[in-house]
Amino acid sequence: MGIVTQGLGKTVVLKNGEPLAILQDVSITIEQGEMVAIQGASGAGKSTLLHILGLLDTATEGEYWLDGAPVQHMKKKEAARQRNQTFGFVMQDFALIEDESVLDNILLPVLLGGGNMGKARERAGTLLAQFGLSDFAARRVGYLSGGEKQRVAMIRALINDPPYLLADEPTGALDSKSAALMMDIFSMVRKNWQKTIVIVTHDAGVAARCDRILRLSDGRMLP
Amino acid sequence: MAADLYLAWNLIVKKYKSQALLVLQTVLALLLLMFLLGRIEFLRWNFESANAFTTQDSYFFMPYHFKPASFDIMDTLAKVYPSLSVENGDIRSLTLWEDGQTPLSALGYNDVILQHCRLPLQEGSWFEDALQNGEVPAISVTGAYAVGDVLSCTQNDGTPLTLRIIGRLDRHAQVLAFKTTGSANAISIEDFLTRPNCDLIVPLASARFASVALTGDDAQPDDGLLASAQILQIPQDELTPQEVAERLRSYGTCVPLTTMVENFRADMTLEMTTYGVLNLIFTVLTLVGLGGNNAMQNMMNERQFVIYYMLGAPQKRVVRIEVLRSGLLLGISFLFFVLLSLFIPSLYPADTHLLTGRVYLQSVGYLILIYLLSSGLFLVRLGRANLMEAYQKEWRE
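As given, the protein sequences belong to chains A and B, one line each in that order.
Read in order, the letters of the first sequence are residues 1 to 223 in my numbering.
Read in order, the letters of the second sequence are residues 1001 to 1397 in my numbering.
Same shape as in the complex, but just chain A:
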């Protein structure tokens, strides 16, 4: 089933009262198990599209179906639940809480979703080992390198075993070596755990490692 949008648009009203169309007539289909890149220049509307797909924001026009169910007019509480259970997010600046430990960051989605913390701790331990961060559970996130932080963000995104991973410039703050490692991780996650992955990027190298590239320009999808 996957993600389907039809004529999706997002218009905001500026402070001077003028409307600004950030997205216009975006119609895409992302099949389950695909790894898709959304590529475009800065200001093209990539992040806005990703936010709408991840129910972090709402479109002002068009329709959006997630696994066959329309979600465009979903209630806020239900949208929050979906964010917690259906999506995992990996952001450019990692979106981690620097004062907290690696483990506390990873378990945050479970805490917010009311899940089983005991089982989650076990799963977190397993994922930390798989991602080469076994000894990092008690460390404060603020003391980690960029690559380590992004791996922690990935583990957090996977802790509730969501079917979809949404990443917004996941390699933007990393050096080339860490960026390459990150993309290896994405490929491994998609292959071994059958996740559907959507990566927003302006980096052609990152986009090239995906199954498909959707190109966005000035809020419109290029054919």
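Note that these hints are calculated values from the structure, not bench results.
Model, not experiment: these values are computed from the prediction.
Be a bit skeptical, because a hint or two may be false.
Chain A is nowhere near these chain B residues, computed Cβ spacing over 12 Å in every case [said to hold, decoys possible]:
1. 1112
2. 1196
3. 1328
Below 20 Å or equal to it, Euclidean Cα-Cα: the simulated PhoX-like pairs (lysine-lysine) are [what the hints assert, rightly or not]:
4. B:1393 / A:15
5. B:1393 / A:77
6. B:1316 / A:75
The C-beta atom is built at its ideal place from N, Cα and C for all residues, glycine as well.
Since chain A is already given, all that's left is putting chain B on it; use the hints.
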């Protein structure tokens, strides 16, 4: 809800240094607010206590301290106004012995005082009618006795007395007692209103009902400056207050009780207004200091709230977590304040401050208001704004 409390608590613990400063500011604000509000409450009760005095045609007269040995006050007053009704107010400090063993301190008021000063009661009635079986009516001051209780007592010389409690004094009322300080030329009701320091009020040598007779050590009046004062009854349609003052000018200070009450009320009103203004200034300063710090905490926490939203918390829940954080901080601060006030009882002297339940509630109410004012906009923004837009602008770029 448990998760939200945990997250709110975590927000406090992880940034404990800045939160500790906020708690300290809040405790100091509470201490000062209670000081100001406690003083206003004390003054308000003073203001109300003037209602105790019946003032119609009554004058408070105090002869000058230095007078010739031949001076006779009654002769003198009779010359001033032949039909003058002069009543001596008499107040004595007494010790009674309950069951012959437990000492009870009592204030004895004679009929003049009982008639002209009706103190506010929480329960029961003031001294009205004689009781049966020679029982002496008494007012419980501390509330240790209930209306209807009967006490078997003895005086210092062993004379037995049976007291029946007919009323309980209001918790915050002041009592009439001649103080040993003050100026002979400046008479105010404040000079003889004081915080209670006795167990009972009893009638003294009363012609109206069974009372405590003066015996032994109690026979001597208090050696206070006002102990020789009199209350004069002169109908105003016979002599005006100005005429009375003029006639008695050579012998002592004479003030209509009405004037004393009005002056007292005016003084209390002025002082209440002053403290009210101070309270307002202090509230504004607290808003700037405490509110500013709180607003800074909000800004520091905003990114974390956006992360909560991203990971599955609806915006309303994010607002709730912030409200819980503020509530926990207020609760911790109040706890510190209560501990402090328990261990430092002299913080608010009972003879200048009155801390009622209302004062506590007002103080906490003020603080909640300050927190709301400093956090209000933030909470509204958290609940309504596009958080991801803010995230993009402030932390991503």
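Quick rundown of the hints versus the structure:
Separation of residue 1112 (chain B) from chain A is adequate, the least Cβ-Cβ distance of about 73 Å exceeding the 12 Å criterion. Even its closest Cβ contact with chain A, about 55 Å, leaves residue 1196 (chain B) beyond 12 Å, as expected for a residue assigned away from the interface. Non-interface status of residue 1328 (chain B) relative to chain A is upheld: no Cβ of that chain comes within 12 Å, the nearest being about 17 Å off. The suggested pairing of residue 1393 (chain B) with residue 15 (chain A) holds, with an alpha-carbon distance near 15 Å, which does not exceed 20 Å.
With a C-alpha separation of about 25 Å, the suggested pair residue 1393 (chain B) and residue 77 (chain A) falls outside the 20 Å cut-off, and the hint is violated. Distance hint between residue 1316 (chain B) and residue 75 (chain A) is fulfilled; the C-alpha atoms sit about 12 Å from each other, no more than 20 Å.
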